[in-house]
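According to UniProt numbering, the sequence shown is numbered sequentially starting from 1.
Source of the hints: derived by calculation from the structure; they are not laboratory data.
Keep in mind the model is a prediction, meaning the values are calculated, not measured.
No residue lacks a Cβ here, since even glycine has one placed at the ideal position from N, Cα and C.
Be a bit skeptical, because a hint or two may be false.
[To be verified] Once the Cα atoms are required to be at most 25 Å apart in a straight line, the calculated SDA-like pairs of lysine to any residue come out as: (1) 27 with 157; (2) 287 with 45; (3) 27 with 307; (4) 287 with 307; (5) 27 with 217; (6) 27 with 239; (7) 287 with 165; (8) 27 with 301; (9) 27 with 38; (10) 27 with 165; (11) 27 with 11; (12) 287 with 214; (13) 287 with 222; (14) 27 with 9; (15) 287 with 301; (16) 27 with 197; (17) 27 with 103; (18) 287 with 251; (19) 287 with 274; (20) 27 with 151; (21) 27 with 287; (22) 27 with 242; (23) 287 with 217; (24) 27 with 41; (25) 27 with 199; (26) 287 with 319; (27) 27 with 191.
[What the hints assert, rightly or not] What follows is a list of derived Cβ distance ranges for each label pair: (28) 37 with 122: 15 to 25 Å; (29) 102 with 237: 43 to 53 Å; (30) 127 with 163: 15 to 25 Å; (31) 90 with 288: 15 to 25 Å; (32) 165 with 251: 42 to 52 Å; (33) 37 with 115: 24 to 34 Å; (34) 64 with 163: 43 to 53 Å; (35) 137 with 44: 34 to 44 Å; (36) 78 with 159: 24 to 34 Å; (37) 114 with 172: 13 to 23 Å; (38) 44 with 114: 19 to 29 Å; (39) 324 with 264: 40 to 50 Å; (40) 132 with 112: 21 to 31 Å.
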Amino acid sequence: MMPSATSELDRRIVAALMIDGRAPWRKIAAALDVPDRTVTRRGTALLESGAVGIHALADPHRTGRGDPFVVTLSCAPAVVWATGATIARRPETVTAYVVSGRAQCLADMWCPEGRQAQLFLHELGATPGVTELEVAPVLRYIQTLTTWDPGILTPAEAEALRVGDPITTWPVFSEPVRLDREDRALLRGLAEDGRRTFEELGRLAGVSEQTAARRVDALRSTGIVTLRAVVDPRVLGLPVAALLRLRIRPPAVETVAGALTASPYVRYAAMVMGEHQIIADVRLPTKDALRHLLTGAEWTEHVEAMESSLILDVLKQSEVLAASLQ
Numbered sequence: 001m002m003p004s005a006t007s008e009l010d011r012r013i014v015a016a017l018m019i020d021g022r023a024p025w026r027k028i029a030a031a032l033d034v035p036d037r038t039v040t041r042r043g044t045a046l047l048e049s050g051a052v053g054i055h056a057l058a059d060p061h062r063t064g065r066g067d068p069f070v071v072t073l074s075c076a077p078a079v080v081w082a083t084g085a086t087i088a089r090r091p092e093t094v095t096a097y098v099v100s101g102r103a104q105c106l107a108d109m110w111c112p113e114g115r116q117a118q119l120f121l122h123e124l125g126a127t128p129g130v131t132e133l134e135v136a137p138v139l140r141y142i143q144t145l146t147t148w149d150p151g152i153l154t155p156a157e158a159e160a161l162r163v164g165d166p167i168t169t170w171p172v173f174s175e176p177v178r179l180d181r182e183d184r185a186l187l188r189g190l191a192e193d194g195r196r197t198f199e200e201l202g203r204l205a206g207v208s209e210q211t212a213a214r215r216v217d218a219l220r221s222t223g224i225v226t227l228r229a230v231v232d233p234r235v236l237g238l239p240v241a242a243l244l245r246l247r248i249r250p251p252a253v254e255t256v257a258g259a260l261t262a263s264p265y266v267r268y269a270a271m272v273m274g275e276h277q278i279i280a281d282v283r284l285p286t287k288d289a290l291r292h293l294l295t296g297a298e299w300t301e302h303v304e305a306m307e308s309s310l311i312l313d314v315l316k317q318s319e320v321l322a323a324s325l326q
C-alpha cells in the first residue's frame, strides 16, 4: 500500500534509496537539502507502507545459481493469476509478472546448467494451467533495478549519495565465488531487510558488529551483493507499466540497447536469444508518454517488429514476493 499522499519529496527520497539503500536519513537529508526530521519521517513512512523496500540480492552467476533466462508462458484464462503465482514462488524465479496479450505470464529465472532440461522441459511445462512455454536465454542485462536511474535527482545530489564507483554492469558473468557460512547468513539477513544494523547482522551471522560491517562492505564493493530499492514505480510518478518485446536487425541491437539504457523510463531490459532480441520493462507517467515511446523514439527506426503488453500485476520483483503471495 502506498502512503496516502505521494509528494515530490517522497519521490526524491526513494530515488536516494535507489542509489544507496543503506544511506542514513541524515545523509539523504544533507544531499537533498531538506531537514533531517522531515526526511526521517517521510522515509520511514515509505518503508513502512511497503511502497519501497531495501533488499540484498547476490549476483546469481558468481554465487553458482546458474544462467539467466526470460520465460514467457501462456495459460488457460481462468487460471492465469494462480499459474503466475505458482511460477513466482519457485526458488529459480527472480521476477514474475502477469501481462496482457497472448503470453500472460513472464518470469526472469536463474538455473544451473545441470537442471535446465528438467526445469524447462518437465517441471514448468507440467505446471497446472500452462498451455505454451517459450524460453529465451539472456545474453546480457541492459538495465536492472541496480542500474536504473529514473532521472529524479540532479547529478550532484546523486554523487553526494553514492558509495564507491557506480555499478554499470550487473550481474557479472565470471567464475563463481564461494561464500562461507557467515557471508551466507549476512546475505540472508540483508535479503530480508537491507537496512538492518550491523549489530543485528552480526548477531544473525555469529560475528562481531565490526566484522559484519567489514564483510558487508567487501561483498558490496566487489558487486557480489547489491542492495536494491524494490520500488512501486507509482511512488515515482510512473503508474503506466508495459512490457516490450523487440525484434531488431542484428547490426542495430547494440544501438537500441544503448538508447534504452539512457532512457529514464526503462526499468529493466535484457538482450536475449530467440524470436526477439530485446525484452524491456518500461514505466511511464501517462499512456500518451507510452504512445510516444512506442512510435516516436529514435531507436524505433531499427525495430522490425514489436510486441507490447501492459503489466497487469507484479507477483515477484528481485526475489521479493508480492504481499498477496506472502
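Checklist entry - Within 25 Å, alpha carbon to alpha carbon, are residue 27 and residue 157? => result Roughly 11 Å separates the two Cα atoms, so the pair holds.
Checklist entry - Is the straight-line distance between the alpha-carbon of residue 287 and that of residue 274 25 Å or less? => result violated (29 Å)
Checklist entry - Straight-line Cα separation of residue 27 and residue 239 no greater than 25 Å? => result violated (28 Å)
Checklist entry - Given the hinted pair residue 27 and residue 11, is their alpha-carbon gap at most 25 Å? => result With Cα atoms ~16 Å apart, residue 27 and residue 11 stay inside 25 Å; holds.
Checklist entry - Does the Cβ distance between residue 90 and residue 288 fall inside 15 to 25 Å? => result violated (37 Å)
Checklist entry - Does the alpha-carbon distance linking residue 27 and residue 287 stay inside the 25 Å limit? => result Not satisfied, since the Cα-Cα distance of roughly 36 Å exceeds 25 Å.
Next on the checklist: Quick check: does the Cβ-Cβ distance between residue 137 and residue 44 fall within 34 to 44 Å?
Outcome noted: Distance hint for residue 137, residue 44 holds at roughly 41 Å.
Item to check | Hint consistency between residue 27 and residue 197 [alpha-carbon to alpha-carbon, up to 25 Å] | outcome: With a Cα-Cα distance of about 16 Å, the restraint between residue 27 and residue 197 holds, given a limit of 25 Å.
Checklist entry - Taking 25 Å as the top limit, are the C-alpha atoms of residue 287 and residue 217 close enough? => result Distance ~41 Å between residue 287 and residue 217 Cα, so the pair is violated.
Item to check | Hint check for residue 112 and residue 132 - Cβ pair distance inside 21 to 31 Å | outcome: holds (25 Å)
Item to check | residue 27 paired with residue 41 [C-alpha distance capped at 25 Å] | outcome: holds (14 Å)
Next on the checklist: Holds or violated: residue 287 and residue 307, Cα atoms, limit 25 Å.
Outcome noted: holds (16 Å)
Violated hints, listed in ascending order, are 2, 3, 6, 7, 8, 12, 13, 17, 18, 19, 21, 22, 23, 26, 28, 29, 30, 31, 32, 33, 34, 36, 38, 39; each of the other numbered hints is respected by the structure.
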